[in-house]
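Chains as they are written, first to last, in this note's numbering: chain U, 1 to 174; chain S, 1001 to 1457.
Just so you know, not all the hints are guaranteed correct.
Stated by the list, open to error - Here are the simulated BS3-like pairs of lysine-lysine, each with C-alpha atoms no more than 27 Å apart in a straight line: (1) S:1214 / U:31; (2) S:1196 / U:124; (3) S:1196 / U:172; (4) S:1196 / U:158; (5) U:124 / S:1199; (6) S:1016 / S:1286; (7) S:1214 / U:23; (8) S:1214 / U:130.
The set of hints was computed from the structure by calculation and includes no laboratory data.
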Amino acid sequence: MESGKNYILGIFDDEDILLKGVKSVREAGVKIEEVFTPYPVHGLEHALGYKRSKLPVVAFLFGLLGTTLALTMQFFMMKIDWPMIIGGKDFAPLPTFIPVTFELTVLLASFGMVGTFFVISNLKPWAQPKVFDVRSTDDKMVMAVDLSTNKTDLSKIKEVLKGAGAIEVNEKSF
Amino acid sequence: MQVTSPVRDPLVTGGKTLHDITNDVCRQVEGKPTLPWMGGMAIALGALSIGAYALVMTLWDGIGMWGLNKTVGWAWDITNFVWWVGIGHAGTLISAVLLLFRQKWRTSINRAAEAMTIFAVICAAMFPVIHMGRPWLGFYWALPLPNAFGPLWVNFNSPLLWDVFAISTYFSVSLVFWYIGLVPDFATIRDRATNKISKIAYGALSLGWVGGAKAWERYEAVSLILAGVATPLVLSVHTIVSFDFATSVIPGWHTTIFPPYFVAGAIFSGFAMVLTLMLITRHVFKLKNYITMTHIELMNIIIIITGSIVGIAYITEFFIAWYSGVPYEQYAFINRATGPYWWAYWSMMTCNVISPQLFWIKKIRTSIVATFILSIIVNIGMWFERFVIIVTSLHRDYLPSSWAMFYPTFYDIGVYLFTFGLFFTLFLAFAKFFPVINMAEVKSILRSSSEKQPIRR
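Whole structure, please, built from the sequences with the hints as guidance.
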């Protein structure tokens, strides 16, 4: 084995076979590193045993921060720092603060959530991604098995992948 | 899992495979610019240059270059602003609302519609900025920044300030939503790229996306939440735009029907513009298998619905003006229909109320030529709607001694032309360098749309 990680790649061309394949591969005791697909395959994350993303919670918290910031800012500016009666309204009428509060809530929720998504998924313009197979962004689904985290031997893994419905089984090292 | 419908028409025709989708969409990005594209770009840049002259002169000499007067202080500038913002709304509607409603037909048109949103909002936002006269001071007038006036802040009671927040939030959230959707497709182009420049450019744009299952799960969570927050955002933006008028005391503006009526009008004009652009795009880029007659027909049905809502709103306004018993209000509406701007009012009525009703006829609804013509008529009508609301209400208000007419100057028209040039330049650049169809999403519905779609592997 050469230096660096070595991977076995199972190439699939059908999402139904892939979903069943993921289950059978995991049942055979082979640990799957990741599955790369050209489009979101629903149910794949369950098959792989991933936990549900907590991004909705992140979005909510950022939204709450936006609401608080917006209300504090408006009350501070209009009531404390420079109170003025405009159009006969109270110094700090809550109803007229709602539009700006709503907009800032949405703004912070969206940017906070998307920013978090970029950070946790390691998405950045200067990223040098490991592309296992260029066809994984075109029309094939690629199941990557990391040899260093698996105790099962190479020929066995290849057999399991073939049995799961892979149309090709390749090796790749980085 | 494959769930097919035996009754629905396929959303992608022509027996396409996943690989065909990649090829068809990337062809435009990877190939040389075509002749129709270069022609379009030349016209757009021409309009942009002529318009730029009008814009520079407006900024240099001030907005006195426009045909405004003491009575009609808002005319083409705010008409164009509301019109462009309205056009922008369809993009978010298609990508957000239809996503929440699980409407799969949105997938082939959402990308271009969102691009249209972003470019339309850029054009829209220019008008409030220019009409300040000295836009370089606008930062202090419009944003809550500590400034040279002492600790005097912007007025949070004013709908004009709400607009600042609404439009800028809308623009930035739409931009992010659009970009998130583009990331997987950029990765596809990066992996196919053969020359160094596109490898680097699309590599940076794709942010290192490889399409792992975990990333897709997060991506879908993000899209759904963005759709969830963008939906009320769309409604809020045009509601707030309508507040610019509705919270004032001008007869013809001071009405509670404005928020829903403006939102319906925005969807109406937005879908018309999507149709105008998509019909050209599908023809020039040969995407007839992706933007099918089903898509066109569904969009036409939305035009019938929103056009009818707009029609009802016009009639309700008239009724309420009479029913309120306020003579100023009654006069404002009679003046709209029979006063010096009667031609604008009746153009609006013909284009917006009568013409979309033609789509009830299946033959018209499924005709490319008729759809294209009607989509343009609707956009003209919606421009007149904003013009009628703004100018006819202002030109004759409470004081007959100050009654006046508005006549546009070359500079009014020129700045409008500038935004047209800008919009089409940006849209054409988008169509050439970005995938106009969301490949990843179309691939995900390829097999689930209909049994009639043959599956080839």
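How the hints compare with the structure:
1. Restraint check for residue 1214 of chain S and residue 31 of chain U: satisfied, since their Cα atoms lie roughly 15 Å apart, inside the 27 Å limit.
2. Of the supplied pair hints, the one linking residue 1196 of chain S and residue 124 of chain U holds, its CA atoms being roughly 19 Å apart against a limit of 27 Å.
3. Between residue 1196 of chain S and residue 172 of chain U the CA atoms are separated by roughly 24 Å; this keeps the pair inside 27 Å, and the hint holds.
4. Straight-line distance between C-alpha atoms of residue 1196 of chain S and residue 158 of chain U comes to about 35 Å, which puts the hinted pair past the 27 Å bound.
5. Our distance criterion of 27 Å between C-alpha atoms is met by residue 124 of chain U and residue 1199 of chain S, whose separation comes to about 15 Å.
6. For the given pair, residue 1016 of chain S sits about 14 Å from residue 1286 of chain S by alpha-carbon distance, which is consistent with the 27 Å threshold.
7. A distance of roughly 16 Å separates the Cα atoms of residue 1214 of chain S and residue 23 of chain U; the hinted pair therefore holds under the 27 Å criterion.
8. Using a Cα cut-off of 27 Å, the hinted pair residue 1214 of chain S and residue 130 of chain U holds, with the two alpha carbons roughly 15 Å apart.
Hint check: a violation occurs at hint 4 only; the rest are consistent with the structure.
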